[in-house]
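Novice: All chains, full assembly: derive it from the sequences and hints.
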Amino acid sequence: MNKQEFLRGLRTALSGLPQDDIEERVTFYGEMIDDRIEEGMSEDEAVAGIGTVDEVRAQTIAEIPLQKLVKEKVRPKRALRGWEVVLIVLGFPVWFPLLVAAVAVVLSFYIAAWALIISLWAVEISLWVSVLGAVAVSAVFFAQGNSIPALMMLGAASVAAGLSVFMFFGCAALSGGIIKLTKKAGVGVKSMFIGKENSK
Amino acid sequence: MDVQLKRGLLDVCVLAAIKNEDSYGYKIIKDLKPCIELSESTLYTILKRLECAGMLTVRIVEHDGRLRKYYHITQSGVRRIEEFKDEWKEVISVYRFVTEEDSHE
Chain R
13 MNKQEFLRGL RTALSGLPQD DIEERVTFYG EMIDDRIEEG MSEDEAVAGI
63 GTVDEVRAQT IAEIPLQKLV KEKVRPKRAL RGWEVVLIVL GFPVWFPLLV
113 AAVAVVLSFY IAAWALIISL WAVEISLWVS VLGAVAVSAV FFAQGNSIPA
163 LMMLGAASVA AGLSVFMFFG CAALSGGIIK LTKKAGVGVK SMFIGKENSK
Chain U
4 MDVQLKRGLL DVCVLAAIKN EDSYGYKIIK DLKPCIELSE STLYTILKRL
54 ECAGMLTVRI VEHDGRLRKY YHITQSGVRR IEEFKDEWKE VISVYRFVTE
104 EDSHE
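Sequence lines, in order, name chains R and U.
Residues in the first sequence are numbered from 13 upward in steps of one, following my numbering.
Residues in the second sequence are numbered from 4 upward in steps of one, following my numbering.
Errors might be hidden in some of the hints.
[Said to hold, decoys possible] To list a few chain R residues with every Cβ distance to chain U over 12 Å, as calculated:
hint, residue
1, Gly103
2, Leu111
3, Gln156
[Said to hold, decoys possible] Quick list of in silico lysine-lysine cross-link-like pairs, BS3-like style, CA-CA up to 27 Å:
hint, chain 1, residue 1, chain 2, residue 2
4, U, Lys72, R, Lys15
5, R, Lys196, U, Lys9
6, R, Lys15, U, Lys33
7, U, Lys9, R, Lys195
8, R, Lys15, U, Lys36
9, U, Lys88, U, Lys9
10, U, Lys30, R, Lys15
11, U, Lys51, U, Lys88
12, U, Lys51, R, Lys195
13, U, Lys88, R, Lys15
14, U, Lys92, U, Lys9
15, R, Lys202, U, Lys9
16, U, Lys9, R, Lys80
17, U, Lys51, U, Lys33
18, U, Lys30, U, Lys9
19, R, Lys80, U, Lys72
20, R, Lys202, U, Lys51
21, U, Lys51, R, Lys80
22, R, Lys192, U, Lys9
23, U, Lys72, U, Lys30
24, R, Lys15, R, Lys195
25, R, Lys195, R, Lys80
FYI, nobody ran anything at the bench for these hints, they're computed from the structure.
Glycine residues also receive a C-beta, built at the ideal position from the N, C-alpha and C atoms.
Specialist: Encoded structure:
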């Protein structure tokens with residue numbers, strides 16, 4: 013890939029950012045490539061040294077706060093025409109409840125997922141409590157000389173302990189998974205606001 | 004390394020790289036290489052942040068028929084480096100305390 017292709021690709025990838033911000037970044041990367049060439053690298057090597065357009069895009073997204081991206085996207089590229097304003101205002105009773113409903117649905121799925129995980133943790137904790145309880149009861153039985161029910165309680169305690177060890181790994185994996193998913197969703201929301209991934 | 008900590012360290016590294024003489028993007032990356040690997044987009048963000056904070060100024064110079072941006076440290080940038088040195092003394096004493104705790108165990 014030569015310098016011009018890289019910079020053109022970068023400009024497309026960053027579209028959505030403020031125009032002067034894009035220009036400044038493109039100039040910066042252009043200067044970096046020129047300096048590498050001046051040092052004796054070939055143009056291809058110099059461009060490759062910077063990384064791919066998608067890498068630069070990903071890093072740029074990671075570094076810009078979400079509020080800035082949203083602000084830039086929400087601001088219209090041109091002034092709204094009169095009839096568009098009228099349409100938006102008249103359409104408010106339609107689009108606003110739909111928007112709220114959509115957000116509520118997504119949010120409720122997310123909350124339900126957490127509720128499931130929390131209830132699994134609750135089961136996990138109650139299993140451990142029952143282990144302690146069963147051990148205590150079996151000790152009482154032993155003290156009274158009832159060794160058969162005491163052994164039964166001890167057996168029940170070890171079954172519960174085994175189950176809870178199993179469940180612990182399941183719960184931990186689920187919690188970790190949903191936290192990772194949340195972070196990914198954050199990046200996903202950000203990338204909705206800036207350019208498009210180059211599929212070339 | 005912790006992201007916040009790394010960000011603070013990188014700021015000071017970049018300031019140190021332009022402390023003695025004005026420098027440009029690619030040279031800063033090369034100068035810092037023995038100390039820390041810095042990608043172009045990270046450097047861009049740091050330079051922008053330092054410029055907004057008034058710790059450096061930018062000057063565009065013609066070089067070989069093209070333009071190159073040179074970064075110049077300001078008084079407040081120099082002060083930031085001095086602050087960092089003082090802060091670091093505290094960090095070192097915390098480090099000593101933490102590692103001593105280890106050897107008692």
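Novice: So, for every hint listed, does it hold in this structure?
Specialist: Verification of the hints:
1. Gly103: 40 Å, holds
2. Leu111: The claim stands: R/Leu111 keeps its Cβ more than 12 Å from every Cβ of chain U (closest is about 33 Å).
3. Gln156: 44 Å, holds
4. U/Lys72 with R/Lys15: Holds - the C-alpha atoms of R/Lys15 and U/Lys72 are around 18 Å apart, at most 27 Å.
5. R/Lys196 with U/Lys9: The given pair, whose Cα atoms are some 22 Å apart, holds under the 27 Å limit.
6. R/Lys15 with U/Lys33: 20 Å, holds
7. U/Lys9 with R/Lys195: Measuring from Cα to Cα gives roughly 20 Å; hence the hint holds.
8. R/Lys15 with U/Lys36: 24 Å, holds
9. U/Lys88 with U/Lys9: 15 Å, holds
10. U/Lys30 with R/Lys15: At roughly 19 Å apart (the allowed maximum being 27 Å), R/Lys15 and U/Lys30 satisfy the hint.
11. U/Lys51 with U/Lys88: Roughly 23 Å separates the two Cα atoms, so the pair holds.
12. U/Lys51 with R/Lys195: Distance ~26 Å between U/Lys51 and R/Lys195 Cα, so the pair holds.
13. U/Lys88 with R/Lys15: 40 Å, violated
14. U/Lys92 with U/Lys9: 17 Å, holds
15. R/Lys202 with U/Lys9: Roughly 23 Å separates the two Cα atoms, so the pair holds.
16. U/Lys9 with R/Lys80: 23 Å, holds
17. U/Lys51 with U/Lys33: The hint holds at about 19 Å.
18. U/Lys30 with U/Lys9: Roughly 21 Å between the alpha carbons, so the hint for U/Lys30 and U/Lys9 holds.
19. R/Lys80 with U/Lys72: 25 Å, holds
20. R/Lys202 with U/Lys51: Answer holds: R/Lys202 to U/Lys51 is near 20 Å, not above 27 Å.
21. U/Lys51 with R/Lys80: 15 Å, holds
22. R/Lys192 with U/Lys9: Holds. R/Lys192 to U/Lys9 sits at ~22 Å (cutoff 27 Å).
23. U/Lys72 with U/Lys30: The hint holds at about 11 Å.
24. R/Lys15 with R/Lys195: Judged against 27 Å, a Cα distance of about 34 Å means the pair is violated.
25. R/Lys195 with R/Lys80: 18 Å, holds
Consistency note: the structure conflicts with the earlier hints numbered 13 and 24.
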